[in-house]
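Kindly produce the complete structure, drawing on both the sequences and the hints.
As you go down the protein sequences, you meet chains A and B in turn.
The opening residue of the first sequence carries number 0 in numbering that gives the first Met the number 0; numbering runs sequentially from there.
The opening residue of the second sequence carries number 0 in numbering that gives the first Met the number 0; numbering runs sequentially from there.
Hint data in this document are derived by calculation from the structure and do not stem from the laboratory.
Predicted model only: the values in this text are computed from it and were never measured.
By construction, the Cβ of each residue, glycine as well, lies at the ideal position given by its N, Cα and C atoms.
Warning: the hint list may mix true and false statements.
[To be verified] Which chain B residues face chain A? A few, computed with CB under 7 angstroms, are given here:
id: 1; residue: Tyr72
id: 2; residue: Ile79
id: 3; residue: Asp80
id: 4; residue: Pro84
id: 5; residue: Met93
id: 6; residue: Trp96
id: 7; residue: Leu101
id: 8; residue: Ala129
[Stated by the list, open to error] Below, a list of computed lysine to any residue pairs in the SDA-like style, where the Cα atoms sit at most 25 angstroms apart:
id: 9; chain 1: B; residue 1: Lys182; chain 2: B; residue 2: Arg5
id: 10; chain 1: B; residue 1: Lys47; chain 2: A; residue 2: Gly168
id: 11; chain 1: B; residue 1: Lys47; chain 2: A; residue 2: Cys164
id: 12; chain 1: A; residue 1: Lys94; chain 2: B; residue 2: Arg81
id: 13; chain 1: B; residue 1: Lys47; chain 2: A; residue 2: Pro179
id: 14; chain 1: B; residue 1: Lys47; chain 2: B; residue 2: Ala211
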Amino acid sequence: MYDWLIGPFVEFEFLRRALAGTTALALGAGPIGVFLMLRRMSLVGDAMAHAILPGAAIGFLVSGLNLFAMTAGGLIAGCVVALLTGIVARMTELKEDAALATFYLLSLALGVTIVSMVGTNIDLLHVLFGSVLALDNQTLLLIAGNATITLIVLALIYRPLVIECVDPGFLRSVSGAGAPAHLAFLALVVINLVSGFHALGTLLAVGIMMLPAATGRFWARDITLMIVIAAACGVFSGYAGLLISYHAGVPSGPAVILVAGVLYILSLLFGHVGGLVRLMLPQRHLEA
Amino acid sequence: MTAALRFNNLTLGYDRHPAVHHLNGAVDTGALMAVVGPNGAGKSTLFKGIVGMIKPLAGRIDREGLAARDIAYLPQAAEIDRSFPINVFDMVAMGLWHHTGLFGGIDKTARRRIDDAIAAVGLTGFEDRAIGTLSGGQMQRMLFARLLLQDARVIVLDEPFNAVDAKTSADLFDLVRRWHGEKRTVLTALHDIDFVRANFPETLLLAREPVAWGNTTTVLTPENLLTARRMCEAFDEHAAECAVPTAAA
Numbered sequence: 000m001y002d003w004l005i006g007p008f009v010e011f012e013f014l015r016r017a018l019a020g021t022t023a024l025a026l027g028a029g030p031i032g033v034f035l036m037l038r039r040m041s042l043v044g045d046a047m048a049h050a051i052l053p054g055a056a057i058g059f060l061v062s063g064l065n066l067f068a069m070t071a072g073g074l075i076a077g078c079v080v081a082l083l084t085g086i087v088a089r090m091t092e093l094k095e096d097a098a099l100a101t102f103y104l105l106s107l108a109l110g111v112t113i114v115s116m117v118g119t120n121i122d123l124l125h126v127l128f129g130s131v132l133a134l135d136n137q138t139l140l141l142i143a144g145n146a147t148i149t150l151i152v153l154a155l156i157y158r159p160l161v162i163e164c165v166d167p168g169f170l171r172s173v174s175g176a177g178a179p180a181h182l183a184f185l186a187l188v189v190i191n192l193v194s195g196f197h198a199l200g201t202l203l204a205v206g207i208m209m210l211p212a213a214t215g216r217f218w219a220r221d222i223t224l225m226i227v228i229a230a231a232c233g234v235f236s237g238y239a240g241l242l243i244s245y246h247a248g249v250p251s252g253p254a255v256i257l258v259a260g261v262l263y264i265l266s267l268l269f270g271h272v273g274g275l276v277r278l279m280l281p282q283r284h285l286e287a
Numbered sequence: 000m001t002a003a004l005r006f007n008n009l010t011l012g013y014d015r016h017p018a019v020h021h022l023n024g025a026v027d028t029g030a031l032m033a034v035v036g037p038n039g040a041g042k043s044t045l046f047k048g049i050v051g052m053i054k055p056l057a058g059r060i061d062r063e064g065l066a067a068r069d070i071a072y073l074p075q076a077a078e079i080d081r082s083f084p085i086n087v088f089d090m091v092a093m094g095l096w097h098h099t100g101l102f103g104g105i106d107k108t109a110r111r112r113i114d115d116a117i118a119a120v121g122l123t124g125f126e127d128r129a130i131g132t133l134s135g136g137q138m139q140r141m142l143f144a145r146l147l148l149q150d151a152r153v154i155v156l157d158e159p160f161n162a163v164d165a166k167t168s169a170d171l172f173d174l175v176r177r178w179h180g181e182k183r184t185v186l187t188a189l190h191d192i193d194f195v196r197a198n199f200p201e202t203l204l205l206a207r208e209p210v211a212w213g214n215t216t217t218v219l220t221p222e223n224l225l226t227a228r229r230m231c232e233a234f235d236e237h238a239a240e241c242a243v244p245t246a247a248a
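Below, the structure written as structure tokens:
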């Protein structure tokens, strides 16, 4: 049992690094995912993940698989798209989803083109699916740093963020904190996607964000518990996914997301709050 | 008596079309005032102007030293996401925003004030209920509890008794009366003319143009109500520019 569950992590350093990376990633991305879901912006995360691609690709173009160049490029591209989307949504008739859809499709096409022009297919795979088993010190620090920033900033903007989700009109009438909180939140989305990009690649980065959040929705009626469940679920997916990938010899990034997916499907079926089985089972109604 | 709000040749509207046209006058501190008029008369627009959500097209509103936090506003259709996982207690607690701000905690005193407000609207026992499980009337009660905590000097209620039953509107109106007794200024948009006659000393009858404003009995005459009803609702796409000088006196 020990050999199976813990042994691999004791034996191999790269697995320990990968575990540290996915754990930090899940701690930051889980809470962000919950807010994305509650703000009905679940697909925004997906779109943003693609939006950072051209920036990272240009970083790659300039200096190869260099952490700082790709991160800086990704951050800049992500922030530019987030800001443009926020501005377009607030100032024109286009809603946030439509504004974002236009930008992210452009970004994805541009990013893949740039990487293919200069890199090999291996590079492209790296960009698309990440390399959680090859996290170096710098990347690990970046992921951990992003998770730390995420949790601190989220604590700072938590109240206006929640109120803006529930009753935006009320927040506007008592405070001007809504817009800055919203922008700070979008920035957090971007830095978490950059983290996710390094570990899981541009296509799967959102998985560690949205699947645990959706899982939490089926077990909690209040947002605090939902956040805790989402983070815990993400951490567990990282651990179990790496383990399965080690024992079964499947690629680790997809394995992590698949575990999160299995947890989600189980919750969808058996969840305490609105799970399908509970909905289908004939239950006697109460007296009052 | 001092004025809480003063309208100075105020015109409010959308895309240059006036929805409230050349309104002059003052709301006294401590007034209990009804704003009455047909749909599209500009009641909601006037309230949005008062709370600063829209800027005047011309003229101005003098808030006589009131800060934004001194005006509490209950919109006609609050844009509340009822599926959001938050309970009644936390929702009502938002009313303490000006005490707690971004980071302030909720201590024992605050907790008691929240409990008192929930009790005042008759929702004791609902503290832990998710807001999505409330009925329309309970929702409105909850929003009144939040208004109670806002402790504002001016309270603006946009059709607060729409779609609630007689018992709920009577209970909620008791709170309005209590605010009036505490010398707060209360402006309420209403459709029920008989209710206004019975309960509001002062009325503004609005039909884009102010039709009459003052003592309720002198305002709500059959002639005035007929005049209000005749005013056309639709914007005239090709309306000429208004010739009345817009510069406030």
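Hint check:
no. : hint                  : result
1   : Tyr72                 : 5 angstroms, holds
2   : Ile79                 : 5 angstroms, holds
3   : Asp80                 : 6 angstroms, holds
4   : Pro84                 : 5 angstroms, holds
5   : Met93                 : 6 angstroms, holds
6   : Trp96                 : 5 angstroms, holds
7   : Leu101                : 6 angstroms, holds
8   : Ala129                : 6 angstroms, holds
9   : Lys182/B with Arg5/B  : 17 angstroms, holds
10  : Lys47/B with Gly168/A : 11 angstroms, holds
11  : Lys47/B with Cys164/A : 21 angstroms, holds
12  : Lys94/A with Arg81/B  : 21 angstroms, holds
13  : Lys47/B with Pro179/A : 23 angstroms, holds
14  : Lys47/B with Ala211/B : 20 angstroms, holds
The structure is consistent with each of the numbered hints, conforming to all of them.
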